[in-house]
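Visitor: One line per chain: the protein sequences are W and D, in this order. Okay, so the first sequence: first residue is 1 according to this note's numbering, each after it adds one. Okay, so the second sequence: first residue is 1 according to this note's numbering, each after it adds one.
Don't read these hints as lab results, they were simulated from the structure. Where a beta carbon is used, it is the ideal one built from N, C-alpha and C, also for glycine. Errors might be hidden in some of the hints.
[As the list claims (entries may be wrong)] Keeping only pairs whose Cα atoms sit at most 20 angstroms apart, straight-line, the calculated SDA-like set for lysine to any residue is:
1) D:Lys30 - W:Gly48
2) W:Lys136 - W:Lys189
3) W:Lys136 - W:Gly48
4) W:Lys189 - W:Arg200
5) D:Lys30 - W:Val390
6) W:Lys189 - W:Phe163
7) D:Lys30 - W:Lys188
8) W:Lys188 - W:Ala167
9) W:Lys189 - W:Thr161
[Claimed, not checked] Label pairs and their computed distance ranges (CB to CB):
10) D:Ser87 - W:Glu299: 18 to 26 angstroms
11) D:Gly44 - W:Val19: 54 to 62 angstroms
12) D:His213 - W:Arg386: 30 to 38 angstroms
13) D:Glu40 - W:Glu299: 40 to 48 angstroms
14) W:Arg17 - D:Pro127: 34 to 42 angstroms
15) W:Leu371 - D:Glu40: 46 to 54 angstroms
16) W:His14 - D:Asp239: 54 to 62 angstroms
17) W:Val19 - D:Glu40: 51 to 59 angstroms
18) W:Ser345 - D:Arg150: 44 to 52 angstroms
[Unchecked claim] Facing chain W, from chain D, some residues (calculated, C-beta under 7 angstroms):
19) Arg94
20) Phe100
21) Leu119
22) Pro120
23) Tyr123
24) Met151
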Amino acid sequence: MNAFAIALDSIWRHRLRSVLTALGVVIGVFAVVTLTSLGASVRSYVQGQFAHVGATIVTVSPANPGSGANKHPRFAGAPGGAPSTLTVADAQALAAAPHAHIQRVSAVADIPLTLGTSPAASSGVAVSGVQGPFFKIEQIPFLHGRFDGSGVVLGYGAAHTLFPHVANAMGRSVYVGTHAFRVVGILKKGSGIAALQSNREVFLPIGTGLKLAGLSTVAEIVVQANSTQNVNAAATAVTQVMTARHPSKNFSITKESQLLSTVTSTVSTITTFLAGLAAISLLVGGIGIMNIMLVTVTERFREIGIRKAMGARDGDILVQFVAESVLLALLGGAVGVGLSAIASSIVAHLAGFPGGLTVSAVVLALVFSILVGGVFGVLPAMRAARLMPVDALRTE
Amino acid sequence: MSQARTAAESSAPVISVSTLTKIYGQGEVKVTALDGVSVEIPRGQMVALMGPSGSGKSTLMQVLGLLDRPTSGSYRLNGQDLSRVSSRTMAELRGRRIAFVFQGIHLLPRLSALHNVELPMVYARVPAAERRQRATDALNRVGVGALVHRMPNQLSGGQAQRVAIARAVAPGPDLLLADEPTGALDRASGREVLGVFQSLNQSMGLTIVMVTHDPVVGRHAERIIEMEDGRFLRDYAVDDGERIWAHQEVSA
Ligand SMILES: Nc1ncnc2c1ncn2[C@@H]1O[C@H](COP(=O)(O)OP(=O)(O)OP(=O)(O)O)[C@@H](O)[C@H]1O
Ligand SMILES: [Mg+2]
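Using the sequences plus the hints, can you model the full thing?
Guide: See below:
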């Protein structure tokens, strides 16, 4: 009968107690594995979303000269306080530049005017001024119509907000400030994070928008490179053209791929943090195991005494009890992994992204539970191993 | 298990202890359970240890059986000084060179008779096949060969004690210590168990020290040591004429 057979026997004999003891490890492993696996799923989901939209986009945004800020205004909110000096003319210059890598260019402006279905009403929907290539660059297809430079284009969500009871809002009127525009296009519902904003917006030809708002500068200029490989070359070309026009370098260039890495590293940080918190519960589970192992050792003084009287070395007893606590923790860990497989597939199903466990998380959690069982089993096992046979046999 | 011994070793007494003391507790509650005991036990001898309750018999047996350390004194096993050996070496002698039979029998309840008998040899790292063979032989020798697969709770007291004796002798020890081995048994099974000890002593030349309160049992031995207050009161040989062979009683 080897140490593991003895351990299994003992665990099985005290089934209920074993289950309760292992519960701490079950919960700890469950939390760690589920969180890290979900984190990995979210990360790869985000990556997938950006891969088909943003990978070729280079954004020019205003910046204080030399500040090197590379915030993305469309995600980071107001462009860091730097007053914009970017103009539609800059966008036209970029579009006209003889660089093969620059495929499409559009200026984008936030139009600070109310939007509604009547001159006075405000729907809360934001208005942006854009140029024709914008929709190709952002890869948002049209459901109806097109951007013809006369009327407005509604994002899918905006169309429903403005005309909740209308199946097709084409040809209807909306008011930007007090000025009426005809709806000439409606966008398809974009999927993914990048499309969240465009879904809710209304788009106006940028010249008209700027004139209405009394603005002369734009919020940013989006540029599409002709392929993913050429993004860096395109960014260089954009920098050249822009530096020629703005020698004070009061702009910054951002590649969407940078944004992607920012987002994914943020997700990773959050995941690691949460998994770290969850790991604390593993620690608590370990303490639970230690507690019960101390009880087990006390209960089994007689057995320990008999074994020692029969020639068991301290090491034999130590191995026997450490094996038991490791096995207990490992069983808990395995159950925790099983539960988290179920949980993460349910969550993934509900949230609509690919589920599944991260292999590294599973391996790490199991290794960790073996360690927990080992570390927290050693103290009780040492107590058992160091007993003098008579002292162990005396307690009946 | 049976190591080749040098001539010096085999001529040496199995056990030779001198001025053993054992003091339990400290200060006010100090109890001197052994008060300078010296004794030699030659190979092949069967000794009965007697004396009133609390005289230190169990304490002496535990020290001799390496189940406990004496407070002071020297201890030689086959001429080898064990006074300052590590606890690991003590563990490795326990159950292999010096075997113990308890009043409380102390079989492991979750193991079959056979596995109980194999246990000391498991810890001695005896290969499985040899282990099984020795265990089976020992169980046959003490007359419970038919009960190998019984669990301890399926054995009578006498049967269980015989399994415990098989467990003690299977590894081939130099010395068998038995602390009131019949104390928990009724008269009939007590006498049977006693017969087992005597046949082991006679047929195998096994050295045995046995604690008993029963003067009749004492006379089965060839030497009687009487203790009182942690000291030897008398230590004398039993006349051959006086000796009653239990196995003769049993077989009669
Ligand atoms: N663990 C202990 N702690 C303190 N005192 C002890 C301990 N074990 C034994 N003693 C004391 O040591 C003395 C000798 O005890 P021991 O058990 O050796 O006697 P014994 O001769 O075996 O008695 P019995 O015939 O009743 O078994 C007794 O006074 C006893 O109270
Ligand atoms: Mg006693």
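Visitor: What hints, given by number in increasing order, does this structure fail?
Guide: 1, 7 and 24
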